[in-house]
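Engineer: What follows is the residue order along each chain.
There are 2 protein chains.
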Amino acid sequence: MKVVTSDKVIYTFRPDMEPVQKILPDEIVEVETNDCFLNQIENEEQLIDEIDFSKINPATGPIYVEGAEPGDVLKIEILKINLPDKGIMIVAPNEGVLGSFVERAQTRVVKIENKVCHFKSISIPAKPMIGVIGVAPSQKDGEYPTGIPWKHGGNMDTTDITEGAALYLPVNQKGALLALGDCHAVMGDGEVCVTGCEIRSKVRLKTTLIKGVPLEWPIVETNNSLAVVTSGNTVEGAIEEATRCAVNHLSKGLNLDWSDAYMLASLVVNIKVSQVVDPKKTVRASISKEILNPKRIF
Amino acid sequence: MKVVTSDKVIYTFRPDMEPVQKILPDEIVEVETNDCFLNQIENEEQLIDEIDFSKINPATGPIYVEGAEPGDVLKIEILKINLPDKGIMIVAPNEGVLGSFVERAQTRVVKIENKVCHFKSISIPAKPMIGVIGVAPSQKDGEYPTGIPWKHGGNMDTTDITEGAALYLPVNQKGALLALGDCHAVMGDGEVCVTGCEIRSKVRLKTTLIKGVPLEWPIVETNNSLAVVTSGNTVEGAIEEATRCAVNHLSKGLNLDWSDAYMLASLVVNIKVSQVVDPKKTVRASISKEILNPKRIF
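Going down the list, the protein sequences come from chains A and B. Reminder that position 107 of the first sequence reads as 106 in numbering that gives the first Met the number 0, one-by-one numbering, no gaps. Reminder that position 9 of the second sequence reads as 8 in numbering that gives the first Met the number 0, one-by-one numbering, no gaps.
Hint data in this document are derived by calculation from the structure and do not stem from the laboratory. Incorrect hints may appear among the rest.
All copies of an identical chain are treated as equivalent in the list; a pair is satisfied when it fits inside any one copy or across any two copies.
Simulated crosslink set (DSS-like; lysine-lysine; CA at most 30 Å straight-line) [unchecked claim]:
| # | residue 1 | residue 2 |
| --- | --- | --- |
| 1 | K114 | K251 |
| 2 | K210 | K110 |
| 3 | K110 | K21 |
| 4 | K74 | K126 |
Construct the complete structure from the given sequences, taking the supplied hints into account.
Structural biologist: As structure tokens, then:
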């Protein structure tokens with residue numbers, strides 16, 4: 000199995016990136032990821048001022064998938080997200096939903112044992128997820144720092160992007176140029192304090208190509224649901240975009256006229272919050288696979 | 000069992016309302032509710048222009064709960080929400096998340112049979128819920144049309160307010176003065192097109208008083224979770240308020256300092272969307288009861 004090591008990182012998703020590894024479609028690959036601070040925080044005594052904030056949200060890659068062409072969809076099955084023995088959290092003034100109430104920066108080390116995260120005396124079942132995952136953007140969209148989510152993926156911080164899920168990304172450039180990082184052992188929808196339980200990880204993936212299917216925004220498929228993942232400058236803006244896409248998918252997939260698809264969406268689409276703390280906010284419009292099967296989209 | 004009939008309705012939650020029924024705490028009561036259009040829409044041929052829009056969101060009540068005093072909490076257990084044989088949906092220009100794309104108003108009648116809603120050929124399991132439920136606001140908050148959600152409850156359109164759930168509302172006035180209506184047979188989180196599957200119903204409730212516990216915003220308890228339900232002029236504003244309350248509940252309930260509660264919230268609080276289509280938007284901050292048991296709040 001090919002391994003992409005954690006020293007091969009990018010901080011910007013660019014339309015033209017140099018790949019560090021080539022894989023075939025259907026090939027399983029292991030990607031070693033750093034935590035969102037490039038592992039700079041080791042203990043609770045460390046001062047956050049000492050961190051190099053130019054090294055935030057490293058994404059390991061890019062990986063070139065043979066045969067991927069603009070206009071295809073890259074399906075990424077997440078087979079395994081390895082849990083280390085600890086994760087890192089911070090609060091800092093002006094960060095997160097309640098940043099204006101934070102007086103001084105603080106760090107917490109969260110012990111992880113037998114798939115349980117221990118935050119002080121509180122035990123939380125781990126649900127590992129990938130925070131940053133994306134491909135090279137289109138020329139039109141231009142470049143995006145890894146900390147920002149958009150149509151190419153990026154810092155979507157979406158709890159559904161977890162073990163056993165599949166992520167569908169639009170291919171904008173030859174080879175797709177996949178990169179990922181910023182895994183969390185657990186995170187609540189919203190990521191309200193600005194970090195999840197930030198971990199280094201090894202992620203095992205299988206990529207598949209779906210040829211010639213246009214896709215505007217990423218879709219994540221879990222056991223039960225399909226969700227369009229959209230971002231915007233405001234939560235409202237992201238919700239409008241997610242609703243628009245969901246209604247289009249329902250209309251095409253179920254052969255309904257637009258007004259009927261809009262009404263149906265009001266019954267079967269759940270608007271969920273992904274993160275509200277990054278420079279762009281991310282939501283998802285989630286639909287049960289019993290209503291809309293992925294085969295009706297791809 | 001006392002029954003409050005559907006001809007006893009209010010369109011505004013006022014600090015001073017005349018009760019139409021008195022009940023004892025722990026007494027079970029049945030409340031007959033109208034749909035959000037006061038049952039004015041009977042079929043798909045009816046023109047929406049013919050509807051009297053001054054009669055929207057009627058709430059049946061108010062019900063005076065003996066012994067309820069300002070500073071108490073009214074716990075409302077939702078024992079049963081009756082499903083009729085049909086529900087109504089509409090789309091209209093400038094209504095809902097995608098209202099700017101709607102060219103003309105349309106109505107759909109959704110058949111309901113054996114706890115399944117039939118929207119055209121699509122079958123959706125019913126999950127009945129109460130859209131509008133509230134008590135008399137405080138003098139300070141003043142009066143609220145039934146279509147607007149706020150600290151007293153009102154048009155929260157929250158899918159968790161369903162059969163088997165318990166809603167906790169702050170008591171602001173003697174007797175609490177409970178009223179409810181606007182039930183939905185099913186609705187997606189967000190209520191994106193502006194209606195759920197709107198039904199008339201009979202709701203069976205049991206109210207209990209929790210004496211002398213201050214509560215700022217409503218809390219809804221389901222089998223697995225507790226959620227603070229907050230509203231604001233923007234989704235962002237509602238999320239900030241929900242996060243603030245959730246962090247305070249975690250801090251007090253688990254005896255954590257504020258910064259630790261804020262970090263913990265980022266792991267265990269799920270920000271969920273209730274509705275984004277009313278004059279004020281509603282979200283909820285949901286926490287597993289395994290992390291925060293209601294006994295730690297009430």
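Engineer: List, from low to high, the hint numbers that the structure doesn't satisfy.
Structural biologist: 2, 3
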